[in-house]
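Visitor: Spelled out from the first residue to the last, the chains are:
Protein chains: 2
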Amino acid sequence: MKRVVLKFGGTSVGSLERIENAARRVIKKVQEGYQVVVVSSAMAGETDRLIELAKKIMPLPPERELDMLLATGEQQAIALFAMTLTKLGYPAVSLCGWQVPIVTDKVHTKAKILRIGVQRIKNLLEEGYIPVVAGFQGVTEDWEITTLGRGGSDLSAVALAYALGADCEIYTDVEGVFTTDPRITDRAKKIPYISYEEMLEMASLGAKVMQARSIEFAMKYGVRIHVRSSFSEEEGTWIVPEEEVMEKVAVRAITLDTKESRITVVKVPDRPGIAYRIFKALGDAHIVVDMIVQNVSHQGYTDLSFTVSKADAPKAEEIVKRVAQEIGAEQVVRDDHVAKISVVGIGMRSSYGTAAKMFEVLYKNNINIMAISTSEIKISCLIEDKYAELAVRELHSAFIEEGEDIKVVNEG
Amino acid sequence: MKRVVLKFGGTSVGSLERIENAARRVIKKVQEGYQVVVVSSAMAGETDRLIELAKKIMPLPPERELDMLLATGEQQAIALFAMTLTKLGYPAVSLCGWQVPIVTDKVHTKAKILRIGVQRIKNLLEEGYIPVVAGFQGVTEDWEITTLGRGGSDLSAVALAYALGADCEIYTDVEGVFTTDPRITDRAKKIPYISYEEMLEMASLGAKVMQARSIEFAMKYGVRIHVRSSFSEEEGTWIVPEEEVMEKVAVRAITLDTKESRITVVKVPDRPGIAYRIFKALGDAHIVVDMIVQNVSHQGYTDLSFTVSKADAPKAEEIVKRVAQEIGAEQVVRDDHVAKISVVGIGMRSSYGTAAKMFEVLYKNNINIMAISTSEIKISCLIEDKYAELAVRELHSAFIEEGEDIKVVNEG
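Protein chains in written order, with UniProt numbering: chain A, 1 to 412; chain B, 1 to 412.
FYI, nobody ran anything at the bench for these hints, they're computed from the structure.
Accuracy of the hints is not assured; some may be wrong.
Copies of the same chain are indistinguishable here, so a pair counts whether it falls within one copy or spans any two.
Straight-line alpha carbon distances no greater than 25 Å define the calculated SDA-like cross-link-like pairs of lysine to any residue that follow [what the hints assert, rightly or not]:
{"no.": "1", "residue 1": "Lys28", "residue 2": "Gly149"}
{"no.": "2", "residue 1": "Lys110", "residue 2": "Pro91"}
{"no.": "3", "residue 1": "Lys106", "residue 2": "Glu126"}
{"no.": "4", "residue 1": "Lys56", "residue 2": "Arg24"}
{"no.": "5", "residue 1": "Lys56", "residue 2": "Arg18"}
{"no.": "6", "residue 1": "Lys106", "residue 2": "Glu144"}
{"no.": "7", "residue 1": "Lys106", "residue 2": "Asn123"}
{"no.": "8", "residue 1": "Lys56", "residue 2": "Leu16"}
{"no.": "9", "residue 1": "Lys55", "residue 2": "Glu20"}
{"no.": "10", "residue 1": "Lys56", "residue 2": "Glu20"}
{"no.": "11", "residue 1": "Lys280", "residue 2": "Thr140"}
{"no.": "12", "residue 1": "Lys55", "residue 2": "Arg25"}
{"no.": "13", "residue 1": "Lys56", "residue 2": "Leu88"}
{"no.": "14", "residue 1": "Lys357", "residue 2": "Asn123"}
{"no.": "15", "residue 1": "Lys2", "residue 2": "Lys55"}
{"no.": "16", "residue 1": "Lys386", "residue 2": "Gly222"}
{"no.": "17", "residue 1": "Lys106", "residue 2": "Ala371"}
{"no.": "18", "residue 1": "Lys87", "residue 2": "Glu20"}
{"no.": "19", "residue 1": "Lys2", "residue 2": "Val361"}
{"no.": "20", "residue 1": "Lys364", "residue 2": "Gly45"}
Quick caveat: nothing in here was measured; it's all calculated off a predicted structure.
The whole structure should be built from the sequences, with the hints applied where relevant.
Guide: In structure tokens:
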């Protein structure tokens with residue numbers, strides 16, 4: 001009998017009505033002949049409500065106690081979910097992380113899964129029950145409750161799917177992964193199949209569908225994921241190994257990230273150790289740096305630019321100004337009006353002309369490129385943010401809507 | 001080092017402010033040199049909110065899932081409680097029932113405690129932590145979450161106190177046990193010491209302070225209980241073995257119960273088996289009968305009266321009408337306007353004249369007695385409910401305020 005893990009996010013179980021809707025999706029799968037295991041997040045808003053309560057007591061509550069508190073959100077959801085399935089005639093049994101057990105290390109609030117015991121779930125399936133497992137939570141070897149961090153329920157689902165030799169369906173409030181943000185252009189299309197690598201790049205470029213961590217896990221263990229809407233019967237997007245992605249294109253999607261600022265250190269003396277001093281100071285302050293650009297030296301001086309999240313930008317500017325003074329740089333300039341546009345696709349590995357075409361599209365629209373960074377399967381350009389939506393539309397048009405002129409070689 | 005278990009009810013942890021207030025009570029005990037173990041109920045209203053959610057799904061949700069759901073209420077409270085103690089400089093560790101473990105039988109929603117593992121709690125105490133244990137919940141041998149039924153948190157506390165060789169303080173929203181309801185007469189006095197037997201009678205007569213079940217447990221295992229207010233520094237009421245109750249009086253308290261109705265079967269043929277048929281029918285319908293009075297036979301007929309809770313009265317009336325027809329009784333009369341007044345005291349065992357004095361007080365106030373029932377340490381009279389408060393005041397005056405004229409013999 002084929003097995004599948006169905007995971008429902010907070011909005012999909014946000015009310016009793018929505019839980020019933022989710023339960024009907026589960027029943028449909030059962031009727032199609034699957035052995036189904038459900039993984040549920042907490043009802044939308046509950047985790048935030050609990051965090052807020054804890055922060056009212058103290059800004060940094062003990063993490064062990066925070067896990068104890070937060071784990072109740074999923075526990076409530078699975079009990080209500082199991083009751084609903086039972087009411088609809090499909091007996092179900094809810095299981096906390098410690099009851100499965102999903103064993104983790106001892107790092108509270110961001111624990112790593114060490115192993116999953118599947119015997120109890122398999123027994124329940126054999127006896128005709130639908131197991132409903134609490135996402136996000138686990139238990140240590142010495143019976144402490146842990147949580148897996150943001151997006152942890154996805155990870156619970158993917159890990160369970162691996163342990164059970166099942167596919168994984170992620171039910172969420174979007175219809176799948178799109179070629180770009182549909183709010184920017186109505187020409188955005190749902191992507192039927194996408195590779196783990198592409199999805200990973202997109203996650204780190206700001207696409208919100210799934211956390212990078214769950215995708216990495218799925219990639220490592222070859223778990224096939226189907227991301228789809230709990231409010232629609234449509235197929236969503238399959239996240240699968242590269243060789244299963246049938247449609248080979250150079251560019252799979254265009255992403256936009258407007259949550260970064262650029263900081264430029266002007267006229268830095270071009271000596272060894274300068275970059276080290278700047279980025280060491282930022283690292284010490286736990287600031288994550290994204291793109292870094294250093295121009296060629298000009299009469300012993302150079303300009304150094306980097307991007308950080310807008311939230312970190314004021315602090316980063318302050319730190320770098322201090323370092324700039326010590327190293328004798330001329331000035332530090334912060335620019336909050338930047339946007340990072342990226343084209344992503346595994347086809348890029350074996351195609352040529354993608355970068356040139358991207359730069360051409362921007363040039364033809366008079367959009368200046370402030371910085372460029374690349375990986376094997378993506379190219380990102382930093383531009384003025386007022387051109388962001390124009391750039392997305394034009395790149396989408398050039399690469400996705402009429403992208404067939406990019407030559408893909410060495411395929412299959 | 002002396003140990004004590006401090007139990008806080010729902011209103012005592014009903015908000016973050018109240019949890020902080022409760023935490024300060026705990027700290028005070030620690031500063032007095034005690035090793036303290038906390039037992040907490042769910043925040044006031046949370047259990048009812050969860051039950052309501054479940055009942056919206058189905059009127060009788062699977063009890064296993066109901067336990068799963070309800071257990072989250074206490075889990076949230078203990079995590080917040082432990083955070084608060086930690087913030088105040090007293091590191092604390094919360095523990096769910098399964099983490100202690102408090103092992104129960106498999107009867108969901110009203111499980112019985114089978115055993116308590118105390119090693120983890122003892123270790124925490126040795127390491128200087130305050131253990132904060134979830135009341136109301138336990139775990140079966142096969143790792144299912146159970147709950148102990150109404151008043152279960154008191155039972156958790158008393159059982160833990162027994163297991164740890166500790167006294168038990170029950171913090172609640174009343175100042176202790178009173179000689180009668182202070183809302184009826186301002187002459188009601190707090191009782192400093194009361195015996196288990198008296199407290200048990202009072203609990204079954206409608207006094208709300210503690211469930212009979214926890215008192216029975218405490219009596220069986222000799223756990224000394226101190227019931228007191230979390231909003232006052234005053235001593236409350238100690239519930240202790242009879243020999244520790246210093247002040248010997250015939251009557252300890254006057255109780256009033258207006259939650260019963262009387263049903264009378266008029267002109268029942270006085271044959272063997274008639275009472276059996278009536279009460280068998282009621283038992284089959286899970287209706288609990290309290291007082292039963294049968295008059296002496298008169299020309300082959302008798303009248304049979306009994307009381308049931310007002311909630312059960314319509315159903316009981318219906319059932320008894322059916323039986324009355326079968327057995328040839330004349331009619332069935334239901335009276336909702338009755339009140340049960342009781343005087344309770346272990347001194348009654350070794351004193352005389354209590355019943356006579358009670359009847360005298362009622363007679364002098366022109367209050368007719370509809371039924372009488374007695375135990376070794378209480379006398380109850382059923383009267384018209386419009387005289388209820390008058391009767392309580394007069395009996396309180398006669399027995400408590402000037403009760404010294406009752407001769408107590410064979411004491412000490």
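Visitor: Work down the list of hints and note, for each, if the structure agrees.
Guide: Hint by hint, here is what the structure shows:
Taking the shortest alpha-carbon separations for Lys28 and Gly149, neither the intra-copy value of 31 Å nor the inter-copy value of 36 Å comes in at or below 25 Å. Taking the shortest Cα distances, Lys110 and Pro91 sit within 25 Å of each other only across copies (22 Å), while inside one copy they are farther apart (33 Å). With identical chains, the CA atoms of Lys106 and Glu126 are at most 25 Å apart between copies only, with a shortest distance of 22 Å across copies and 32 Å within one. In this homomeric assembly, Lys56 and Arg24 come within 25 Å of each other (Cα to Cα) only across copies, at 17 Å, whereas the closest approach inside a single copy is 38 Å.
In this assembly of identical chains, the alpha carbons of Lys56 and Arg18 lie at most 25 Å apart only when taken from different copies (13 Å versus 30 Å within one copy). When the C-alpha separation of Lys106 and Glu144 is checked against a cutoff of 25 Å, the pair qualifies both within a copy, at 8 Å, and between copies, at 23 Å. For a Cα distance limit of 25 Å, the shortest separation of Lys106 from Asn123 across copies, 19 Å, qualifies, whereas the shortest one inside one copy, 28 Å, does not. Within a single copy, Lys56 and Leu16 get their C-alpha atoms only as close as 28 Å, which misses the 25 Å cut-off; across copies the closest is 8 Å, which meets it.
In this homomeric assembly, Lys55 and Glu20 come within 25 Å of each other (Cα to Cα) only across copies, at 14 Å, whereas the closest approach inside a single copy is 32 Å. For the identical chains of this complex, Lys56 and Glu20 are inter-copy neighbours only, at 12 Å across copies versus 34 Å inside a copy, given an alpha-carbon limit of 25 Å. With identical chains, the CA atoms of Lys280 and Thr140 are never at most 25 Å apart, being 34 Å at best within one copy and 53 Å at best between copies. Taking identical chains as interchangeable, the C-alpha atoms of Lys55 and Arg25 lie at most 25 Å apart only when they sit on different chains, with a minimum of 22 Å there against 36 Å within one chain.
For a Cα distance limit of 25 Å, the shortest separation of Lys56 from Leu88 across copies, 13 Å, qualifies, whereas the shortest one inside one copy, 40 Å, does not. For the homomeric pair Lys357 and Asn123, neither the shortest alpha-carbon distance inside one copy (56 Å) nor that between copies (67 Å) is at most 25 Å. With identical chains, the CA atoms of Lys2 and Lys55 are never at most 25 Å apart, being 44 Å at best within one copy and 34 Å at best between copies. For the homomeric pair Lys386 and Gly222, neither the shortest alpha-carbon distance inside one copy (40 Å) nor that between copies (77 Å) is at most 25 Å.
Neither within a single protomer nor between protomers do Lys106 and Ala371 lie at most 25 Å apart by alpha-carbon distance, with minima of 41 Å and 65 Å respectively. In this assembly of identical chains, Lys87 and Glu20 lie within 25 Å of each other by CA distance solely inside one copy; the values are 10 Å within and 41 Å between copies. For the homomeric pair Lys2 and Val361, neither the shortest alpha-carbon distance inside one copy (47 Å) nor that between copies (79 Å) is at most 25 Å. With identical chains, the CA atoms of Lys364 and Gly45 are never at most 25 Å apart, being 45 Å at best within one copy and 64 Å at best between copies.
In terms of the numbered hints stated before, the structure departs from hints 1, 11, 14, 15, 16, 17, 19 and 20, listed from lowest to highest.
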